[in-house]
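Let's have the full structure, built from the sequences with the hints guiding it.
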Amino acid sequence: MARTPGPGWRSDRVSQGYVADYKPFVMVDGEGVRCSLYVSGCLFACAGCFNEAAWSFRYGRPYDDALEDRVLADLGHSAVQGLSLLGGEPFLNTGVCLRLVRRLRAEHGDRKDVWCWTGYTLEELQEGTPDQRALIAEVDVLVDGRFELARRDLTLAFRGSTNQRVLDARASLATGHAVPWQRPGAAGSESPAEARQAEVEPW
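Going by the numbering used here, the first residue of the sequence shown is number 1, and it counts up by one from there.
Watch out, some of these pointers could steer you wrong.
[Said to hold, decoys possible] Here are the simulated distance ranges between beta carbons:
1. PRO184 to VAL14: 12 to 22 Å
2. ALA137 to SER56: 25 to 35 Å
3. ASP69 to PRO180: 27 to 37 Å
4. ARG103 to VAL28: 21 to 31 Å
5. ARG105 to PHE25: 29 to 39 Å
6. HIS177 to ASP65: 15 to 25 Å
7. ASP12 to ALA53: 39 to 49 Å
8. GLY76 to GLN182: 24 to 34 Å
9. THR155 to ALA178: 16 to 26 Å
10. ALA178 to ASP153: 10 to 20 Å
11. PRO7 to ALA137: 27 to 37 Å
12. ARG152 to ASP65: 34 to 44 Å
13. LEU154 to GLU107: 15 to 25 Å
14. GLU107 to PHE25: 30 to 40 Å
Hints are computed from structural coordinates only; laboratory data are not their basis.
C-beta: ideal position from N, C-alpha, C; glycine also.
Rendered as C-alpha cells:
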C-alpha cells in the first residue's frame, strides 16, 4: 500500500532538482502530441509503480537551463498541444515544475495545455503547501491519486487504477469539487484545456 503524505513531505526539503527523463513529441501522456518531463523523486512508493527507478530524488540528472530551453523550443512547434508533467512526483518537485510551467505560460499563454500526474488527490493538494497550490493553479488536466495494484485496470485511459481520476483542474478549483475531464467533442466539454485542443494546427 502506498504511503500517506505527512508534514515532512515538502518540495523544499526533499527535491534535489533532478529529472528522470524528457520525451518530446509523444502521444501517450495525455491528449494530442506532447512534450513529457519526468521529474525524479517520489515518497508514495506505490506497489506496482511503472517507474520505480524515479522514486530516488537523485535519479537521472539535474534540471538545468539547457534542458529548459530545449523543452520550450519543442513546445513551440505548432503541432504540439502541450506539456505533460510526470515522475516521480511533480508536487514534490515544484521548484522544477513551477519554473518550467511559468515560462511556458509567459511564452505561450493558454495556447498550450498542461497535464500533470500525481499521487496526491485533488483534495490533498487543495490543502497543500503554497508551492503545491501554485502549481495546481497552472495545470489544466490533473490525473490524481495513488496507484493501487489491486484496482489496476489496463483498459483505462491515462490512469492505471480505478481509484485514480482524470480531472479538469481549472474547473475543479473554480467550483471547489472534482470535475471530470472530458475528451474534446464530448457532450458538454467546454473546459479551457479542451477548447485549446481545437486551436492546434498541423505541422
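Evaluation of the provided hints:
no.	hint	result
1	PRO184 to VAL14: 12 to 22 Å	36 Å, violated
2	ALA137 to SER56: 25 to 35 Å	28 Å, holds
3	ASP69 to PRO180: 27 to 37 Å	35 Å, holds
4	ARG103 to VAL28: 21 to 31 Å	24 Å, holds
5	ARG105 to PHE25: 29 to 39 Å	21 Å, violated
6	HIS177 to ASP65: 15 to 25 Å	39 Å, violated
7	ASP12 to ALA53: 39 to 49 Å	24 Å, violated
8	GLY76 to GLN182: 24 to 34 Å	27 Å, holds
9	THR155 to ALA178: 16 to 26 Å	21 Å, holds
10	ALA178 to ASP153: 10 to 20 Å	19 Å, holds
11	PRO7 to ALA137: 27 to 37 Å	22 Å, violated
12	ARG152 to ASP65: 34 to 44 Å	39 Å, holds
13	LEU154 to GLU107: 15 to 25 Å	37 Å, violated
14	GLU107 to PHE25: 30 to 40 Å	18 Å, violated
Hints 1, 5, 6, 7, 11, 13, 14 from the earlier list are contradicted by this structure; the remaining hints agree with it.
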